[in-house]
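Undergrad: Residue strings, one per chain:
There are 2 protein chains.
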Amino acid sequence: MPAQADRDIRSGKPLSPAQTRNLLAASGREAPEIPPFPELTLIGQHHGTYLIAQNAEGLYLIDQHAAHERINYEYFYEQFGQPADASQELLLPITLEFTPSEAQQLTQKLHWFEQVGVYLEHFGGQTFLVRSHPFWFPKGEEKEVLEEMAEWVLNERVIDLAKLREKSSILCSCKASIKANQKLTDQEAQTLLERLADCRQPYTCPHGRPIVVSFSIYDLEKLFKRVM
Amino acid sequence: MPAQADRDIRSGKPLSPAQTRNLLAASGREAPEIPPFPELTLIGQHHGTYLIAQNAEGLYLIDQHAAHERINYEYFYEQFGQPADASQELLLPITLEFTPSEAQQLTQKLHWFEQVGVYLEHFGGQTFLVRSHPFWFPKGEEKEVLEEMAEWVLNERVIDLAKLREKSSILCSCKASIKANQKLTDQEAQTLLERLADCRQPYTCPHGRPIVVSFSIYDLEKLFKRVM
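Protein sequences, first through last, are from chains A and B. When we follow UniProt numbering, the leftmost residue of the first sequence carries the number 1, and every step to the right adds one. When we follow UniProt numbering, the leftmost residue of the second sequence carries the number 1, and every step to the right adds one.
Bear in mind the hints are in silico, worked out from the structure with no lab data behind them. Worth double-checking, as some hints may not be accurate.
Since the list gives no way to pick one copy over another, a pair counts as held whenever it fits inside one copy or between any two copies.
[Claimed, not checked] Straight-line C-alpha distance at most 27 Å; calculated BS3-like pairs for lysine-lysine: (1) Lys109 with Lys183; (2) Lys225 with Lys143; (3) Lys163 with Lys225; (4) Lys225 with Lys109; (5) Lys222 with Lys143; (6) Lys109 with Lys222; (7) Lys139 with Lys222; (8) Lys163 with Lys109; (9) Lys179 with Lys225; (10) Lys222 with Lys183; (11) Lys222 with Lys175; (12) Lys183 with Lys139; (13) Lys175 with Lys225; (14) Lys167 with Lys225; (15) Lys222 with Lys179; (16) Lys143 with Lys167; (17) Lys179 with Lys163; (18) Lys163 with Lys183; (19) Lys167 with Lys222; (20) Lys225 with Lys183; (21) Lys179 with Lys167; (22) Lys143 with Lys109; (23) Lys143 with Lys163; (24) Lys109 with Lys179.
My request is simple: use the sequences and hints to build the entire structure.
TA: Pasting the structure below:
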């Protein structure tokens, strides 16, 4: 959940990181402290799943899928701030099918989709057509993202724009991210580390799981009983 | 400390690994179970100190100094079983100096040095000369090994051949081993792993510290909260 200071109180619009810092500085409050991400040198990749890296402080294991999710989440969260700018009409609309009761509920909730740049139309019966969605939707995963988005809209008791934007960003980032068991070149892995370092919250994935597990020099010495 | 079955009951001579196994098998006893060392693929080196490697089971950190000590220890322990075969007269004897009281004690203990292939002669006063030692003594470290060996012989209350052989092997392996903060090529690192796998006890160094710390796939998933 983004911190309170992340949105403009009047318009409800999300603030940029710099705006957030300025606002907090002006109000005399401190932004929640997130230590800067360390500059790391890649050692290698384990099981196509964890990157292994180091700096002068110690050894770092990085969950590559979680790292990529975080990078993508921050990208999509930014994009979902102005979805209308990027919404594009589809040559072939995407067809979504629902149960009769879902279809009935959904007709009451079509405005929520517009808020995130998705124009959904009741075609009749249980069928809905997606006429347009933002062009930056994860390629080849558009239909699955839209289905999961609809499922969330149907099941969420109280929807608000902040939650919708966050949920949509998580769905897109999940689909767009490299999976575990995927071999990366050293260059790809190093780039992933650098992009992670640029994230506002590089330590946890959008689901709240850790991205990085680190061992200080002292931790390692303890593991090997070099110190007691 | 080598297990009891490591030495011949009659002669007190150490047995080869195969002899030990045969003896234990004949007596119906089992050798203490040491799991076979896994076949590992190198990922890289951390801080010139720990090797990082993997197999299908998970991730392994290996203390390169401790690993080399174990490999050397087993080599020297084997060599110290027949030191006289390898003892060579030195062109220039090595001079060792002691305090008057040490020198006096040492003259009573010269026979212990012979047991490990070192021929030490009282030159007069506080000075002793090493006339010969085994040719496989660690190069460039001979004098230091001999001094530490003399220190041990002087301070140990009850000396026996088994303890002397073990202590001498530890001293030599310590001196002969690569240190921490030493960059290895991938080939050197891979060779170290293979030679470690050939050791009888590849999991602890001669001082009893762990050589290997491993993380199973499940351990890593727990660290990253992929499983609870």
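Undergrad: Treating 27 Å as the Cα threshold, decide for Lys163 and Lys109: within, between, both or neither.
TA: within (15 Å within a copy, 83 Å between copies)
Undergrad: At most 27 Å between alpha carbons: which applies to Lys222 and Lys183, within, between, both or neither?
TA: between (31 Å within a copy, 22 Å between copies)
Undergrad: Between copies, within a copy, both or neither: which fits Lys179 and Lys167 at Cα up to 27 Å?
TA: Only inside one copy: Lys179 and Lys167 sit 20 Å apart there, 52 Å across copies, limit 27 Å.
Undergrad: Checking Lys222 and Lys143: alpha-carbon separation at most 27 Å within a copy, between copies, both or neither?
TA: Result: close neither inside a copy nor across copies, 50 Å intra and 33 Å inter.
Undergrad: If the cut is 27 Å between Cα atoms, do Lys143 and Lys167 qualify within a copy, between copies, both or neither?
TA: within (16 Å within a copy, 71 Å between copies)
Undergrad: Evaluate Lys109 and Lys179 at a C-alpha cut-off of 27 Å and name the case that applies: within, between, both or neither.
TA: neither (33 Å within a copy, 67 Å between copies)
Undergrad: Pop the pair Lys139 and Lys222 into one bin, within, between, both or neither, using alpha-carbon distances up to 27 Å.
TA: Neither: 47 Å inside a chain and 32 Å across chains, both beyond 27 Å.
Undergrad: Is it within, between, both or neither when you check Lys225 against Lys143 at 27 Å Cα-Cα?
TA: neither (53 Å within a copy, 29 Å between copies)
Undergrad: At most 27 Å between C-alpha atoms: does Lys225 with Lys183 qualify within a copy, between copies, both, or neither?
TA: For Lys225 and Lys183, the Cα distance is within 27 Å only across copies (22 Å; inside one copy 33 Å).
Undergrad: My question is about Lys163 and Lys183: at a cut-off of 27 Å on alpha-carbon distance, are they close within one copy, between copies, both, or neither?
TA: neither (34 Å within a copy, 51 Å between copies)
Undergrad: Between copies, within a copy, both or neither: which fits Lys222 and Lys179 at Cα up to 27 Å?
TA: Classified as between: cross-chain Cα gap 18 Å, same-chain 33 Å, threshold 27 Å.
Undergrad: Within a copy, between copies, both or neither: which one fits Lys143 and Lys163 at a CA-CA cutoff of 27 Å?
TA: within (21 Å within a copy, 74 Å between copies)
Violated hints, in rising order: 1, 2, 4, 5, 6, 7, 18 and 24; the structure is consistent with all others.
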